[in-house]
Amino acid sequence: MSAGTFAGLAVAATAAVNATAAKAAPSERQGSQGSGLEAFDEVYQGRRIQGAPTRGAGSHGGHGGGHGSGHGGGHGGQAHDFGYAVHLDGDELHIMRNADGTWISVVNHYETFATPRQLARAAVTELHGADLVPLVLTSA
Amino acid sequence: MTVRKNQSALTRTEKRRFVDALLELKRSGRYDEFVTTHNGFIMSDTDQGERVGHRSPSFLPWHRRFLIDFERQLQEVDPEVALPYWDWTVDRTPSASLWADDFLGGSGRPGDGKVMSGRFAEASGAWEINIRVDQRPYLRRALGTGARQLPTRAEVDAVLAMPVYDASPWNSASTSFRNHLEGWRGANLHNRVHVWVGGQMTTGVSPNDPVFWLHHAFVDKLWADWQARHPDSGYLPTTRTRNVVSLHDTMRPWNDVTPADMLDHTPYYTFDA
Ligand SMILES: [Cu+2]
Ligand SMILES: [Cu+2]
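Same order as they appear, the protein sequences are chains A and B.
Under the numbering used here, read the first sequence as residues 936 to 1075, first letter to last.
Under the numbering used here, read the second sequence as residues 130 to 402, first letter to last.
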């Protein structure tokens, strides 16, 4: 099969996210306050990395109801909005914010970084010139 | 009966049959289904939202069931095969026999990290990386370059001594056995090993590296070891808790298995030690 057949699945995301900010306890909320959330735009090791708060800042991506059962198999990645987006040469880097305010990305999923900029730089190093597989939006 | 052995104790024949079975699952496409499932969960498991496979109490039972499913697939290819485990507190260097060409192959070359030796190397033509986060279709590793040393036995023992399985807020911020074993807190046990291997192992598509199974088989054994040390401690939470899987809730994607069903591994396999 062609490599591309599955490639998109790697970062498959759904547009149907119930970003229910109202359900989040204040302490759980991803606000735009806090360190590392200013925008940046730089060239790092020859790659352009950009980060900026998203309009959805303040909401988080937890899909609300349907606890436990009720989801079928093959549950793809969700397009969680953590109030910030990072792009690498124009491609979105899937990122996630941890409870303690640190960040991880799809490229560095087991190691935390203090700021999105550090996360983006680490992704550049890890990619070693390779392009990200584009984020593919699929419906839930 | 399936006996999971320390990988360092496998015979040449056992290693070859294990690798043969992996390559057959890869060839048939079944292997990549496991990679896809894992990635889907790791991308959607969030500290603030619903979480099943990672950063939550069900990290251990979820991966136990995931490994059982995978082991069954291997055994459909070869009934004599079982998942070996990698005790990274002992076999802690890139020169360990685990990384020899007759088993998982070696580290990646400097620069792009491409694995050049063994049966999972790109040149073998049998291990194309299809489920991926970037365009590189070959297995990559950077053994020992991305993290400090692998965890030590003393670090493992300190985590095994923790008496409480898990605790609020039931995520990567918890002070608990589960979270310290998963590695978001303390000595970073499980997470650090992913980083130490490098390449695909640092990403959401970590099962692309066959060492994923040996690593998680050891993490699974550590859970069993913890249970033996703390017979009066059990899985938590036991009552319905928002966004996480409690003892008697079912786990996606199976929807017919609960953490309670996974507490005893012995109906499925035993360990050699
Ligand atoms: Cu996992
Ligand atoms: Cu893991």
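Don't take each hint at face value.
Said to hold, decoys possible - Chain B is nowhere near these chain A residues, computed Cβ spacing over 10 Å in every case: (1) Q985; (2) A1020; (3) H1022; (4) R1032; (5) A1049; (6) A1065.
What the hints assert, rightly or not - Derived, one-sided and incomplete: chain A residues facing chain B with beta-carbon distance under 8 Å: (7) D1016; (8) N1033; (9) E1046; (10) T1050.
If you are wondering where the hints come from, they were derived from the structure by calculation, not from laboratory data.
Note that the coordinates shown come from a computational prediction; the quantities given were computed from them, not determined experimentally.
Glycine included, C-beta positions come from ideal geometry on N, C-alpha and C.
For this structure, which hints from the list above don't hold up? 4, 6, 7, 10
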